[in-house]
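Protein chains: 8
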Amino acid sequence: GEGVCLDGHRGLRTGVPEVVFGSGKSEAQLERAVQGLADQGASVLVTKLSPGQGEALHALFPEGKVHPQAGLFTLGADLSLTPPWPEQGEALVLSAGASDLPVALEAYATAQYFGLTAGLVSDVGVAGLHRLLPHLQACDQARVLIVVAGMEGALPSVVAGLTDKPVIAVPTSVGYGVSFQGVTALLGMLSSCAPGVAVVNIDNGFGAAAMARKLCHLKP
Amino acid sequence: GEGVCLDGHRGLRTGVPEVVFGSGKSEAQLERAVQGLADQGASVLVTKLSPGQGEALHALFPEGKVHPQAGLFTLGADLSLTPPWPEQGEALVLSAGASDLPVALEAYATAQYFGLTAGLVSDVGVAGLHRLLPHLQACDQARVLIVVAGMEGALPSVVAGLTDKPVIAVPTSVGYGVSFQGVTALLGMLSSCAPGVAVVNIDNGFGAAAMARKLCHLKP
Amino acid sequence: GEGVCLDGHRGLRTGVPEVVFGSGKSEAQLERAVQGLADQGASVLVTKLSPGQGEALHALFPEGKVHPQAGLFTLGADLSLTPPWPEQGEALVLSAGASDLPVALEAYATAQYFGLTAGLVSDVGVAGLHRLLPHLQACDQARVLIVVAGMEGALPSVVAGLTDKPVIAVPTSVGYGVSFQGVTALLGMLSSCAPGVAVVNIDNGFGAAAMARKLCHLKP
Amino acid sequence: GEGVCLDGHRGLRTGVPEVVFGSGKSEAQLERAVQGLADQGASVLVTKLSPGQGEALHALFPEGKVHPQAGLFTLGADLSLTPPWPEQGEALVLSAGASDLPVALEAYATAQYFGLTAGLVSDVGVAGLHRLLPHLQACDQARVLIVVAGMEGALPSVVAGLTDKPVIAVPTSVGYGVSFQGVTALLGMLSSCAPGVAVVNIDNGFGAAAMARKLCHLKP
Amino acid sequence: GEGVCLDGHRGLRTGVPEVVFGSGKSEAQLERAVQGLADQGASVLVTKLSPGQGEALHALFPEGKVHPQAGLFTLGADLSLTPPWPEQGEALVLSAGASDLPVALEAYATAQYFGLTAGLVSDVGVAGLHRLLPHLQACDQARVLIVVAGMEGALPSVVAGLTDKPVIAVPTSVGYGVSFQGVTALLGMLSSCAPGVAVVNIDNGFGAAAMARKLCHLKP
Amino acid sequence: GEGVCLDGHRGLRTGVPEVVFGSGKSEAQLERAVQGLADQGASVLVTKLSPGQGEALHALFPEGKVHPQAGLFTLGADLSLTPPWPEQGEALVLSAGASDLPVALEAYATAQYFGLTAGLVSDVGVAGLHRLLPHLQACDQARVLIVVAGMEGALPSVVAGLTDKPVIAVPTSVGYGVSFQGVTALLGMLSSCAPGVAVVNIDNGFGAAAMARKLCHLKP
Amino acid sequence: GEGVCLDGHRGLRTGVPEVVFGSGKSEAQLERAVQGLADQGASVLVTKLSPGQGEALHALFPEGKVHPQAGLFTLGADLSLTPPWPEQGEALVLSAGASDLPVALEAYATAQYFGLTAGLVSDVGVAGLHRLLPHLQACDQARVLIVVAGMEGALPSVVAGLTDKPVIAVPTSVGYGVSFQGVTALLGMLSSCAPGVAVVNIDNGFGAAAMARKLCHLKP
Amino acid sequence: GEGVCLDGHRGLRTGVPEVVFGSGKSEAQLERAVQGLADQGASVLVTKLSPGQGEALHALFPEGKVHPQAGLFTLGADLSLTPPWPEQGEALVLSAGASDLPVALEAYATAQYFGLTAGLVSDVGVAGLHRLLPHLQACDQARVLIVVAGMEGALPSVVAGLTDKPVIAVPTSVGYGVSFQGVTALLGMLSSCAPGVAVVNIDNGFGAAAMARKLCHLKP
Ligand SMILES: Nc1ncnc2c1ncn2[C@@H]1O[C@H](COP(=O)(O)O)[C@@H](O)[C@H]1O
Ligand SMILES: Nc1ncnc2c1ncn2[C@@H]1O[C@H](COP(=O)(O)O)[C@@H](O)[C@H]1O
Ligand SMILES: Nc1ncnc2c1ncn2[C@@H]1O[C@H](COP(=O)(O)O)[C@@H](O)[C@H]1O
Ligand SMILES: Nc1ncnc2c1ncn2[C@@H]1O[C@H](COP(=O)(O)O)[C@@H](O)[C@H]1O
Ligand SMILES: [Mg+2]
Ligand SMILES: [Mg+2]
Ligand SMILES: [Mg+2]
Ligand SMILES: [Mg+2]
Ligand SMILES: [Mg+2]
Ligand SMILES: [Mg+2]
Ligand SMILES: [Mg+2]
Ligand SMILES: [Mg+2]
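Chain order of the listed sequences is A, B, C, D, E, F, G and H. Following our numbering, the numbering of the first sequence begins with 22 at its first residue and continues without gaps. Following our numbering, the numbering of the second sequence begins with 22 at its first residue and continues without gaps. Following our numbering, the numbering of the third sequence begins with 22 at its first residue and continues without gaps. Following our numbering, the numbering of the fourth sequence begins with 22 at its first residue and continues without gaps. Following our numbering, the numbering of the fifth sequence begins with 22 at its first residue and continues without gaps. Following our numbering, the numbering of the sixth sequence begins with 22 at its first residue and continues without gaps. Following our numbering, the numbering of the seventh sequence begins with 22 at its first residue and continues without gaps. Following our numbering, the numbering of the eighth sequence begins with 22 at its first residue and continues without gaps.
It should be emphasised that the hints constitute simulated quantities derived from the structure, not laboratory data. Incorrect hints may appear among the rest.
Counterexamples of contact, computed for chain C against chain D with all Cβ distances above 10 Å [as the list claims (entries may be wrong)]:
(1) 23
(2) 36
(3) 185
As a list, the in silico DSSO-like pairs of lysine-lysine whose alpha-carbon atoms are at most 30 Å apart [to be verified]:
(4) H/86 with H/69
(5) H/69 with B/86
(6) E/69 with F/69
(7) B/86 with B/69
(8) G/86 with G/69
(9) E/69 with C/69
We treat Cβ as the ideally placed atom computed from N, Cα and C, and that holds for glycine.
Using the sequences plus the hints, can you model the full thing?
So, in structure tokens, the structure goes:
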């Protein structure tokens with residue numbers, strides 16, 4: 022119905038259960054997708070929601086929860102996004118600027134949704150490197166680092182040069198002028214001269230968390 | 022000397038020892054870098070060498086070995102690049118087209134250099150999906166997949182939808198016209214609708230292997 | 022009048038009758054074009070309408086019909102766009118994601134308007150290939166396939182590798198970040214390593230249907 | 022061997038037999054591919070060959086034939102590329118400028134290789150439209166038109182506005198400055214305001230012929 | 022005041038009097054500029070006005086006139102923009118699509134403002150070339166042709182191949198997808214294989230008229 | 022709190038105190054940042070504010086001041102932005118068009134905030150060079166020139182060819198069509214054939230003033 | 022023959038006789054085109070020749086003349102390209118840098134070929150505006166100015182602000198880095214804030230001269 | 022002669038004497054320019070020379086000196102480019118990678134040519150930040166820093182966050198794939214989140230030194 026065909030056994034097949042991509046979906050399609058997954062007994066996560074879509078989902082599923090800053094809706098999942106956030110975890114999210122927070126929260130929430138313990142450290146960009154140093158120990162205790170940055174996107178390179186953990190870099194669309202909605206950060210991350218960095222799409226906190234989930238479930 | 026400052030304890034700090042980036046270096050710089058690392062007792066890997074640079078290094082260090090198809094030089098490391106290649110391993114390299122082989126070999130050799138067991142399967146692109154199916158079991162036995170593709174770069178998406186292993190995607194500069202020297206493959210991989218894919222720079226087999234090394238050394 | 026000069030014998034000359042491109046036209050221009058074609062006794066199709074333009078046309082021509090999700094207006098043509106859609110037809114439209122539906126519907130409706138029997142299958146993208154397999158038989162029974170996809174745009178390559186029907190690929194502007202409003206999907210489709218794919222403009226469901234019409238009227 | 026995995030039953034599956042993409046392949050890979058297809062009893066076509074690759078193939082397979090202007094090698098196929106060319110055929114190739122000839126010849130030869138009767142008309146670009154008019158009758162007798170153009174790429178639009186045949190447009194990398202190696206011609210063709218045009222990659226005469234083959238084998 | 026410094030003797034120096042570029046100016050700046058020019062005894066033309074700016078100017082200068090479709094405001098100049106337009110003149114504006122009308126009107130009005138006799142012919146794009154033919158005689162009687170087109174922008178090439186008048190080509194931002202807000206039309210016009218075409222910025226009807234004014238004042 | 026980590030001793034370390042980048046910050050983040058800096062006894066400057074953000078800050082800190090045209094908020098700093106502006110100063114801002122004023126004001130205000138004496142001259146673009154000449158003496162008396170221009174961005178080249186002062190060039194997003202929101206001006210400034218020009222991001226009046234501050238504090 | 026179809030009556034139809042575009046043509050095609058035009062009794066001009074093509078043409082037609090710096094070949098036309106050049110003429114070519122000379126010479130020679138009196142002034146770029154001033158009188162005596170510039174391409178804007186002659190701007194591919202082979206100069210010229218500038222393709226001296234020819238033949 | 026017009030009093034006017042841009046100049050033009058400046062009694066610097074141009078100049082002026090790695094020729098100037106270089110100076114050049122050395126040397130040599138004391142530190146990129154720390158004191162003693170980096174271009178941001186000296190950032194074309202010949206480094210530098218960075222063209226070591234010269238001659 023409504024052009025939606027759910028991929029119910031994706032979790033089994035790939036280790037990452039289906040998550041609904043909210044952007045551009047009609048209200049009817051969102052309802053159909055959330056109801057369909059709930060009917061299969063799954064908890065539900067919807068990403069990239071506009072405020073209007075979030076309100077519509079809440080009206081349809083009052084027991085669900087909207088996280089407007091992160092553009093998320095959850096049903097049957099118990100995620101905490103309120104600060105102060107734990108500053109360590111299996112999957113540690115580091116964010117360069119305070120304006121990158123929405124994307125950092127998407128990664129942080131999705132990692133939790135996928136069953137990982139997650140941490141979140143914000144506003145530790147390269148213009149003031151001393152702010153990063155107190156968190157290096159938490160980096161060592163993490164299994165994977167998700168490093169979120171806009172503008173020139175230099176943080177993942179610097180972090181990867183200081184630690185032996187794999188870095189999943191998430192460029193954000195924060196900035197103006199030649200930041201080009203995240204393209205400059207993306208290109209910088211891909212050109213990184215520090216080995217051990219792999220990159221996902223601009224603003225794709227979800228994708229970074231999915232990769233983290235696959236990494237953390239690697240057998241030793 | 023010669024503007025070269027080696028980063029000798031990078032291996033300890035980041036888990037990935039310094040590898041020499043050959044492209045654009047003068048003969049004097051290459052000699053200085055290889056000798057410097059050898060003097061520290063390390064085995065040496067040099068990447069992205071032109072045929073001329075390879076010959077020059079061989080003349081300087083006759084005990085080393087040049088792998089021209091992959092643009093590599095090694096000294097004090099025992100890597101095998103001759104076909105037939107093992108079709109399974111901790112780090113399994115899958116390559117879409119026969120023309121992508123140089124990049125696939127760079128990843129395959131670097132993974133070995135970093136101490137991983139590696140496999141290599143070539144010419145299994147999406148235009149004939151049946152060629153991929155016999156290798157899905159080897160995918161399940163690997164710890165990480167390095168998927169190399171040029172042109173439209175669809176192979177990583179398809180593979181990530183069929184397995185629960187993390188996929189490190191490497192776009193290649195193979196193709197013509199709107200392949201744009203690998204940019205199209207890169208953008209396709211980053212836009213992948215299949216979760217569990219992270220991407221490195223175009224033709225960066227080295228970077229994919231460095232990421233694989235960090236993943237495989239994750240503590241359980 | 023109003024700067025509009027209708028091309029009344031285009032249908033005779035090219036096999037594809039004039040269809041009104043609604044985007045950016047003033048209300049007066051739309052009225053002039055619809056009335057002009059109706060006066061020639063033709064049925065009318067207007068594409069790429071904003072919601073406001075659709076309402077204005079409906080007020081002017083209450084016997085016409087607006088299809089808001091597809092951005093279409095029709096007068097004197099009897100098209101059905103309501104689901105469930107037939108899953109086979111001379112011209113079979115396959116769509117990768119649920120969010121691509123508006124473009125898929127434009128192609129599906131226009132194909133009907135041009136006198137073809139049309140089918141529509143939605144949400145069968147490459148992240149879960151098993152969803153495509155049940156539809157391969159319908160592909161074999163079609164005369165031409167219109168494959169609609171956003172993000173990485175890999176579906177046309179995969180389909181063209183599995184069937185002997187010509188594939189008209191339609192990239193959509195669905196996605197975010199490096200999807201670049203459909204450019205990435207477009208480039209991937211043009212770089213396809215599977216032969217038998219030709220491509221139309223981003224979101225151009227109309228153009229795909231026009232090409233399908235010309236193909237299906239080929240004399241044997 | 023050599024990283025080459027042939028797709029022997031592609032012809033059966035898709036109606037378009039495997040053609041070897043020569044660009045960037047090593048001599049060993051080319052030999053392996055040509056020999057492999059010949060061993061299956063197939064006639065062989067190799068595309069996008071450099072002069073050096075062409076000579077190497079001829080030395081290996083002296084019974085084969087090199088067509089240097091078109092960058093092709095054939096074995097066991099009897100194609101004629103010498104002017105004067107027939108100016109009509111099932112698949113009629115129209116080329117805008119004299120400099121577009123290599124791509125037009127690739128399409129013309131590949132169409133023959135796929136079993137179509139083919140024609141070729143050269144140097145009929147839009148700067149002197151009167152040169153096109155004598156060929157409109159041949160357009161009407163063809164089943165499909167392959168229109169090749171560089172620079173501003175306007176010829177496919179003009180042709181599609183004058184005939185009811187489907188137009189497969191092939192942009193070429195001919196031109197300088199903002200011709201951008203064919204990108205401008207490609208974008209112009211995709212933006213065409215004349216319906217019934219679909220586009221393949223820049224310089225992809227092969228792909229246009231493959232599409233033409235699929236079209237011409239459509240059952241009535 | 023308000024950061025505005027008028028260039029009062031520009032008309033004497035360059036033959037083209039100062040015209041106010043409205044886009045992005047504050048109400049105070051617009052008032053300052055219009056009043057300043059009026060105080061010098063000049064008639065005034067303001068271009069690229071939003072509807073809101075147009076209303077604000079009209080409230081300030083009720084004796085002036087707003088032309089909303091063309092984004093213009095005039096004071097002390099007597100321009101006629103209402104259809105039917107004369108289909109010939111010293112400066113003849115030809116426009117490819119009905120959606121290009123706002124830009125064509127900007128050129129047509131500005132040419133009048135500069136003292137040229139002007140004509141305007143709309144909707145004669147290359148998809149139906151027969152619509153252009155009746156106007157070739159008017160082309161011959163004009164001194165300069167301003168050819169306006171969006172999408173693939175082929176009309177100037179075709180016109181320049183049929184006449185000995187200089188063609189000033191104006192790309193428009195009409196279109197979608199790879200029309201890229203006029204960039205594709207611009208590139209096509211610049212790559213034109215027909216000599217005698219020069220190009221101005223996207224949507225720059227004003228600039229085309231300024232060039233026409235300079236051409237028409239050339240001494241014989 | 023709120024993901025904000027202030028860099029309190031940035032002024033000491035780099036000579037440029039922390040300035041709050043307002044764009045995209047939530048109201049809570051803005052409050053947290055302004056309060057945090059005020060608590061440290063610093064005067065506060067916030068840049069790139071939308072009108073809504075400006076009003077929100079004013080409601081929270083009624084003793085502060087909003088400068089809407091420049092998108093600024095200040096607290097505990099006494100800046101004057103009202104015309105007429107002084108036409109000379111240590112840091113002299115020259116702006117090409119009246120529409121570039123918002124960016125010129127951002128530079129002018131920030132320079133004052135950093136303790137420099139500043140001047141501002143507007144609307145002296147290269148289309149009427151005589152307007153620039155009266156200001157060359159003020160250029161000679163300045164220590165550094167900040168030259169702001171949109172469209173083709175030629176003013177910095179011309180100024181740098183006429184004076185021995187360093188020129189900090191600021192491209193603006195003013196213009197349309199191929200001005201590409203300031204990219205064309207940026208590229209022109211970087212390609213300048215006149216030595217002594219260095220460039221900051223598009224619309225980055227703040228960054229130009231920060232550079233000016235560092236230059237003016239150079240010890241002789 | 023050889024895919025060449027000459028447009029013999031182009032001169033009559035458009036005022037600009039056919040000129041052979043040499044780039045990428047085979048020796049056989051060049052011979053065919055030159056011979057064909059000579060057989061019609063026309064003088065011949067070939068543009069954009071590589072050194073090798075020039076020599077080949079000279080061997081075939083020893084009575085013709087090659088101008089290697091300008092990439093031209095002429096037969097039956099008496100053009101002088103040797104310095105010192107006249108510094109005035111109907112069509113006056115101004116060139117910004119000494120490195121732009123090849124393009125300036127192409128324009129200068131082609132204008133002569135088309136029967137115009139031509140002048141050429143070199144190395145008067147905006148970094149030293151005083152070099153331009155002595156030539157303003159020659160600008161006033163010309164009928165049309167062809168202004169050639171690479172890098173930031175500011176010269177046409179400056180010239181158009183100082184004279185009432187139409188300016189045909191020719192961007193050149195001179196420069197490096199963000200000059201992007203002439204794209205930056207092109208964009209700057211199109212964005213020019215000085216009216217009365219129209220632009221041709223990068224390095225298209227031929228096209229500027231063709232436009233000049235059409236302008237100069239305008240009836241008063 | 023030869024299209025070269027020297028700007029002899031540029032040094033007086035702008036503080037930066039004329040330097041010859043070698044790229045693309047013919048041998049005759051190079052000779053003319055060098056001789057012309059020498060005749061005025063000036064010392065001469067030529068930049069961006071190919072090896073062949075360098076040799077030609079040396080043959081013409083045997084008393085001059087070629088610096089092939091830096092692409093420079095000097096006459097009557099006594100510059101030292103041989104390592105080891107001083108690691109401090111008024112103008113301190115820091116270079117990220119060993120492969121960036123040619124550009125760093127261009128800046129270092131040009132700064133000397135302009136009369137500044139200069140230093141050069143190589144291979145201190147962000148992948149191993151500890152290599153930078155020993156040089157912070159020299160940064161404090163410099164008057165201006167020239168920071169040269171390719172790939173992701175993060176070094177200027179990091180340096181500007183650690184010092185109060187103005188940073189002139191020079192992106193280099195070092196790297197591959199998405200390094201895009203220096204564009205990625207350029208964009209990253211312009212997007213820098215650390216204030217006090219201004220940027221010059223890719224590989225423009227000369228331009229950075231010219232800016233440094235103007236800064237260092239600022240009166241206190
Ligand atoms: N924020 C996101 N970014 C990228 N992909 C997503 C995101 N959220 C969900 N997805 C994936 O997008 C796929 C396609 O979405 P759909 O349009 O719902 O069929 C889903 O199955 C998810 O795997
Ligand atoms: N093929 C490669 N691609 C990307 N980075 C590389 C490659 N090979 C080596 N590297 C890294 O590049 C860094 C910088 O190179 P260098 O110019 O040698 O200082 C080295 O330390 C390696 O970590
Ligand atoms: N000129 C060409 N352009 C695009 N694709 C081609 C061309 N020639 C052959 N191909 C296709 O490219 C595929 C991949 O090539 P290969 O690298 O040989 O595995 C082949 O199977 C052909 O279908
Ligand atoms: N340098 C040039 N730049 C652009 N167009 C040219 C040039 N030289 C000749 N032309 C035109 O290009 C057209 C097409 O060339 P051809 O490939 O010879 O058919 C000719 O008829 C000329 O009008
Ligand atoms: Mg911060
Ligand atoms: Mg293959
Ligand atoms: Mg789906
Ligand atoms: Mg021709
Ligand atoms: Mg129309
Ligand atoms: Mg002004
Ligand atoms: Mg010069
Ligand atoms: Mg290094």
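query = Among all the numbered hints in the text so far, which are the ones the structure does not match?
reply = 2, 3, 5
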